[in-house]
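Read top to bottom, the protein sequences are chains P and A. Whatever position you read off the first sequence (first residue = 1), add 9 for our numbering. Whatever position you read off the second sequence (first residue = 1), add 587 for our numbering.
FYI, nobody ran anything at the bench for these hints, they're computed from the structure. Heads up, a few of these hints could be off.
Unchecked claim - With a Cα cut of at most 27 Å, we get these calculated DSS-like pairs of lysine-lysine:
| id | chain 1 | residue 1 | chain 2 | residue 2 |
| --- | --- | --- | --- | --- |
| 1 | P | Lys120 | A | Lys822 |
| 2 | A | Lys745 | P | Lys161 |
| 3 | P | Lys214 | P | Lys242 |
| 4 | A | Lys745 | P | Lys120 |
| 5 | P | Lys119 | A | Lys599 |
| 6 | P | Lys208 | P | Lys83 |
| 7 | A | Lys599 | P | Lys147 |
| 8 | P | Lys138 | A | Lys745 |
| 9 | A | Lys745 | A | Lys870 |
| 10 | P | Lys83 | P | Lys147 |
| 11 | A | Lys745 | P | Lys141 |
| 12 | A | Lys870 | P | Lys83 |
| 13 | P | Lys83 | A | Lys821 |
It should be emphasised that the depicted structure is a prediction, and the values quoted were computed from it without experimental measurement.
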Amino acid sequence: MQLRLEHVTKRFRETVAVSDVSVTMENGVYGLLGVNGAGKTTLMRILCTLAVPTEGRITCDGEDIFEMDMRYRKILGYLPQDFGFYPDLCAEDYLMYVASIKGLRPAAAKKRVEELLHRVGLYSVRRRKMKKLSGGMKRRAGIAQAMLNDPKILVLDEPTAGLDPNERVRFRNLISELSQERIVLLSTHIVSDVSYIAKRLFLMKDGRIVHQGSMEEILEHTPVRAWLCTVSKERTNACLKKWKVANIRAGSGGNELRVLSDLPPMEGAAEAELTLEDVFLYYFGEKAGDDDALL
Amino acid sequence: MLYYEFRKILSKTGNRIALLALLVLLGVTCYFAVNGYGTSYTDEQGVSRQGISQVRKLREARLAWEGPLTEEKLAAVIRKHAAVIATPEYNSKDATEMNIAYSWTQDYQDIRQMICRAFGEFRSYDYYKIDSLSPEDAADFYPNRIRALRTWLDTEAKDMYTEEEKEFLLERYEQLETPFYYTWYLGWDKLFEYGPTIQMIFVLVMSFVTAGIFAGEFSNRADAVFFTSYHGRKKAVTAKLWAGVLLSAALYWIVWGLYSAVVLGALGADGASCQIQVHVGWKSFYNITYGQLYLLMSFGGFLGSMFLLLLNMLVSAWTRSAVIAVTAPFIMIFLPSFLSNLSVPWLSKLLGLLPDQLLQMQTSVNYFNLYEIGGRIMGEVEPLFALYGVLSLLLLPTVCALYRRAGRG
Ligand SMILES: Nc1ncnc2c1ncn2[C@@H]1O[C@H](COP(=O)(O)OP(=O)(O)O)[C@@H](O)[C@H]1O
Ligand SMILES: [Mg+2]
C-alpha cells in the first residue's frame with residue numbers, strides 16, 4: 010500500500026492552509042508534527058476526502074483517491090480532531106451503527122465490535138450512553154470506530170489532545186499495537202506522542218512540510234546543536250533574549266540553561282544530545298506544546 | 588443501517604419528548620372533538636348534559652328522521668317546527684323554559700340547518716329562516732340550492748368566472764343525486780372539524796424529529812466519520828431519508844388512526860354514505876360522501892405531511908441547521924392563513940394550491956377556486972394531489988443529493 014501526495018495545496022478565501030505538500034507513505038506510523046494552525050487538520054481532511062485540494066493530487070497505489078471513491082473509503086479509518094458521536098446512543102450501538110455504514114454485515118459487525126470493545130477496554134461500559142463516558146473513553150470509542158473496517162489507511166488527528174498523562178500513555182500503546190500492516194498518520198502538537206512510535210516524522214509549518222525523515226535523520230540534519238550552560242540568576246533574562254533557550258533548570262549555583270546554537274554560546278558550555286523537543290523549538294520558534302509540562 | 592438510524596432518532600431525549608407531546612396533544616384534540624359544540628343533549632326539563640351516554644340519546648333522537656330527505660319529510664320538519672315556535676315555552680323569556688323548547692327541536696336540528704341553508708342567499712345563513720317557511724315550501728328545497736348558485740353567478744360573482752366555469756359549477760350542482768339520505772353524522776362531522784388540527788399538530792411536532800436526522804450529524808460533529816465511511820455518501824444517506832419517511836408515515840397513520848377511532852368510537856360512525864352536502868359541504872361542487880371525504884382527508888393529510896416533512900428534511904440537509912429546518916413547515920402552514928386575510932383575488936387561487944390545503948381537505952372541497960388544466964376545469968383537490976404527489980417524489984432524490992454535497996468542503 011502506497012499513499013502519495015503530489016503538490017497538494019488547499020486555499021481558503023484568504024488563507025493557504027496547505028501549501029504544495031508532496032509526501033509518500035508506506036506501511037508504518039507517520040507523525041505529523043506542527044503547532045496549532047499549521048494545517049494538519051486540513052491536510053488530514055483532504056486525505057479523508059472530506060475536502061478537495063485546490064491543487065495537486067493524491068493517489069493510493071497509483072489511483073486517484075477521489076476517483077476510487079467508495080473503494081478508497083472502504084480501506085480508510087479516520088478519527089477526527091473534534092470527534093463527535095451520537096450522545097444518546099450507547100457505545101455498543103454507536104459502534105454497530107458505524108459498522109453498518111462502513112459496510113460490515115451484521116454478524117461480522119457484532120463480532121468485530123465486541124473484539125474492539127475488549128481491545129480498547131470499553132467492554133464493561135458498552136451499554137453506557139456515549140455522553141456518559143469519560144474523555145479518554147470517548148477517545149477510545151473513537152479509535153475503535155476508526156478500526157472497525159480494519160483500515161489499510163488510518164488517520165488520527167490529535168488523538169491524545171486533552172487526555173491526562175496516564176490515558177495518553179495508554180493511548181500511545183494502543184496505537185502502536187494497531188499499527189501493524191497499515192499506514193497510520195498521526196498528527197499532534199505534542200512531541201512526546203510521536204517520538205516513540207512514529208517511524209517517520211513530517212514537520213509542518215504554515216501549510217508546508219518543512220522537514221521530514223526518521224527521528225535520527227531529523228536530529229542529524231537539523232543545523233543546530235544543544236548546549237548546557239550555567240548562568241547566574243541575574244544574567245538569565247539577558248540570555249533568554251539573546252539565545253533560543255529550550256529549557257531552564259534552577260540549581261544552587263545559578264540556572265542551567267539549555268541553549269540551541271551552532272556554536273558554543275559561552276565559555277564552559279557543554280554540548281548535549283539534541284532531542285526532538287529541541288528540533289521543534291528550532292523550527293517552530295516555540296516550545297513543543299507538552300500540555301502538562303509548559304514553562 | 589436503517590435499524591440503527593431509527594435507534595439514533597428514538598434514543599434522542601428531545602425526540603422522545605416531542606413524541607410524548609404528540610401523544611398528549613392527540614389526547615387533548617380527541618377530548619375537544621368528542622366534547623365540542625353540538626355534543627350535548629338537552630332533556631325535557633331543559634337541562635343540558637355532555638358525555639358519551641348523552642350523545643347516544645341525541646343520536647337516538649336524530650335517527651327518528653333517518654332515511655331519504657324527501658319533500659314529505661322536509662315538510663314534516665317545517666310543520667313540527669311551526670308547532671314548537673307556537674308554544675309558550677318557546678316564546679318565554681325564561682332560560683329554563685327556552686331550553687325546554689329547544690329540547691323539542693334537537694331531533695331535527697341537522698335538517699333545520701339544511702333548510703336554513705337552502706332557503707337563504709348563497710353567501711348568507713339565517714338560523715331562523717325556517718320560522719318563516721310553510722310546509723309547501725319544501726318542494727323548493729333541492730331546486731333552491733341550484734337557484735342560489737345561479738343567482739350568485741349572475742350577480743356578485745359575475746366577473747369572477749368564465750362562462751365555461753359557470754357552466755361547470757352548475758353542472759356539478761345538477762349532477763348531485765337527490766333526495767339526500769339523512770342519518771346521524773356527528774362522528775364524521777367532528778372528525779372533519781378537528782382533523783386539520785391534529786394533522787397540523789402532527790406536522791409541527793414531527794418536524795422537530797425529522798429536522799435532526801440530517802442536521803444532527805453536523806451538530807453532533809459526527810459528520811466526519813459519517814462521510815468518510817464506505818456507504819457515507821450513498822446508502823447511509825438514503826437510509827437517513829428512509830428512516831425519516833418511514834417513521835413519519837408510520838406515526839401519521841398511527842396518530843390519524845387513533846384519532847379517527849376515538850372520535851368515531853365515541854360519537855358514532857354512522858353516515859359514511861351521506862353526501863357531504865348534507866352538512867360540511869352544502870355548497871361544495873364535489874359530489875362525494877362523508878366516507879369519501881374521509882379518504883380524501885386521510886390521504887390529503889398524509890401527502891401534505893409527507894411533503895412538508897420532506898421539505899423540512901431538505902432544508903435540514905441543505906442548511907445543516909435543525910432550527911432553520913423546523914421553521915420551514917411553520918412558514919408553510921401559517922403564512923397562507925396570514926396572506927388569505929389580504930383578500931386579493933389572484934392570490935386566493937395561488938393560496939388554494941399551497942400544501943397547507945392538503946391538511947384541510949374539508950375546506951378544500953368547499954373552496955370555489957377553479958383551475959383549467961389540459962382543457963379541463965376542476966377544483967383545487969385534483970391539482971393539489973397531483974402537484975404534491977410529484978413534488979414529494981422529486982424531493983426524495985433531491986434531499987439525498989444535497990446532503991451528499993454538504994459533506995465535502
Ligand atoms: N474551513 C476553513 N475555512 C477557512 N479557513 C480554514 C478552514 N479550515 C482551516 N482553516 C485555516 O487553515 C489554517 C490551518 O488550520 P488547521 O488545518 O486546522 O491547522 P491545525 O490542524 O494544524 O491546527 C488555519 O489558519 C485555519 O484558520
Ligand atoms: Mg488541527
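Here is what the structure says about each hint:
Distance check on the hinted pair: Lys120 (chain P) and Lys822 (chain A) sit about 22 Å apart at the alpha-carbon level, within 27 Å; holds. For the suggested pair Lys745 (chain A) and Lys161 (chain P), the alpha carbons sit about 77 Å apart, so the restraint of at most 27 Å is broken. This hinted pair does not check out: Lys214 (chain P) and Lys242 (chain P) have alpha carbons roughly 34 Å apart, beyond 27 Å. Taken as a hint, the Lys745 (chain A) and Lys120 (chain P) pair is broken in the structure, with Cα atoms around 76 Å apart against an allowance of 27 Å.
The suggested pairing of Lys119 (chain P) with Lys599 (chain A) holds, with an alpha-carbon distance near 23 Å, which does not exceed 27 Å. Taking the CA atoms of Lys208 (chain P) and Lys83 (chain P), the gap is about 25 Å. The hint holds against a cut of 27 Å. For the hint pairing Lys599 (chain A) with Lys147 (chain P), the CA-to-CA distance comes to about 18 Å; that is within 27 Å, so the pair holds. Restraint check for Lys138 (chain P) and Lys745 (chain A): not satisfied, since their Cα atoms lie roughly 68 Å apart, outside the 27 Å limit.
Of the supplied pair hints, the one linking Lys745 (chain A) and Lys870 (chain A) holds, its CA atoms being roughly 18 Å apart against a limit of 27 Å. Between Lys83 (chain P) and Lys147 (chain P) the alpha-carbon distance is near 23 Å, which keeps this suggested pair within the 27 Å criterion. Using a Cα cut-off of 27 Å, the hinted pair Lys745 (chain A) and Lys141 (chain P) is violated, with the two alpha carbons roughly 71 Å apart. The straight-line distance between the Cα atoms of Lys870 (chain A) and Lys83 (chain P) is roughly 63 Å, outside the 27 Å bound, and the hint therefore fails.
Only pairs whose Cα atoms come within 27 Å are accepted, and Lys83 (chain P) paired with Lys821 (chain A) is accepted, the gap being roughly 13 Å.
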